[in-house]
Amino acid sequence: MQRVDEFILQDVGGEAILVPIGQKVVDLNGLIALNATGLFLWEQLAQPREVGELADLLCGEFEVEPAVARNDVLAFTQRLREIGAVIE
Amino acid sequence: MSPEPGAYRGVLDRLARAAQAKGQPYNGTIELTARCNLACRMCYVRLPANDAAARAAELSAAQWLEVVAQAQAGGMVFLLITGGEPLLRPDFFELWAPLTRRGLMLTLYTNATLVTESVAERLAAAPPSRIGVTLYGATAATYEAVTGQPDGLERCLAGIERLMRRGLPLVVRSTLSTYNVDELEAMRAIAADFGVPFQSSWYLTGRADRQPSEAAACRLSDSCGLDLEAEDRERRGLPAAEGRRTPPPANAEAFYCAAGQASFVLDPSGAMHVCLDLRQPGARPLEVGFEAAWAATRAFVAAHNELGAECAACDVRAWCGRCPASSMIETGTLTEPVPALCELAKLRAARETAGV
Ligand code: SF4
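In order, the protein sequences belong to chains A and B. Convert by adding 679 to the 1-based position in the first sequence; the result is the number in the working numbering. Convert by adding 158 to the 1-based position in the second sequence; the result is the number in the working numbering.
Note that these hints are calculated values from the structure, not bench results. Incorrect hints may have been included.
Claimed, not checked - Chain B stretches covered by chain A per the calculated footprint, using a threshold of three residues with CB under 8 Å from any CB of chain A:
1) 168-176
2) 179-190
3) 239-250
4) 255-262
Predicted model, so just to flag it, every value in this text is computed and none were measured. Even glycine gets a Cβ: it sits at the ideal position worked out from N, Cα and C.
Take these sequences, add in the hints, and give me the full structure.
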């Protein structure tokens, strides 16, 4: 999967948020606040990635067990799918 | 009176605090024009729609886009476009459409009376995060009494309907006065029928340019306003004792909100001010650059952030909504107490202390 162009990453006081543009504005009706893991994964999704690959990258960046990393990736990418922020 | 579910509101508050801690101008307001097609009695800004001098002083769409690009580079993420009535500008969409592609959390305030099918269509093609529509009454007679526009309500409701049909995210807002307070429930019902949130405010301030205003004459009585505040807290599930306006520690400083510390206003001519009610210091991003204009605005607030002696010693300060902007409007100083607000604060404190 890979991220779409209709979400712009912005910084408010050091907090990362995704701001939708175009029709995504109406679909989402708000913004997405990213924590450190979310921001890292969003950056990785600039190119096509598989879940396993994202989990490995996460383990390389943060001190986290592989099983936990996989769960985090699944939860985060599921949320991104729901709001149409990634395509397969 | 927040339309957002609690969790989202919490995120917005957190972002505001984070921005303020860093002095990031994350929240901008552009007052696109001071002109309006309505003539509301209590308005703090209105000029006639055909005011040629005011029109001539307004920045062009291209100039605004330049200012916005600079502001974004300087940290702006939220932007409100307001007026006057922004849709009076014939070149509105020359500015609007590009703005919606910049990754800003964009809000538009309008009275919706100029929202034709074609305007609604163009807004749907370039949607904002939120459109705030002001409603001045629930009957044609009241709407006219406030705005001077006989067919105003009809046009406003038609505008709302056109926006709703296109699924645009709306909030209905009302400014309450002696003219329309009896229609509060009916206005709330109109919003509910459209399935959109309703917000209202009641304390009318005078004009920021200190010109004569009818605000005080049509302002609700203190007890009526305080009843509305109590009702609103109940509706939002807040404890009755949360009527304090400026609880400590924030009220140790004169500027207790984000104005001039994380938010700014640009007037129609492109001058930067602390807020809509406080037209200072007026540096122009197009002349000095956004960064320098923001630095001047922050410096102004920092230099005037001390309370005046009377307010500093006041024991009902936490129940008082006075700020340097309200003092400027009513007294011409940044620090003097505002007698009407003193009365209100005393009453608010007394009610709360009595557990009303
Ligand atoms: S304006 Fe009046 S009530 Fe408010 S803090 Fe100052 S002295 Fe107190």
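These are the hints, each one checked on the structure:
1. 168-176: holds (count 5)
2. 179-190: holds (count 4)
3. 239-250: This one is violated; 0 residues, fewer than the three required, reach chain A with a Cβ under 8 Å.
4. 255-262: That given contact holds, which follows from 5 residues of the stretch 255-262 of chain B lying within Cβ reach (below 8 Å) of chain A.
Against the hints set out earlier in the document, a violation occurs for number 3 only.
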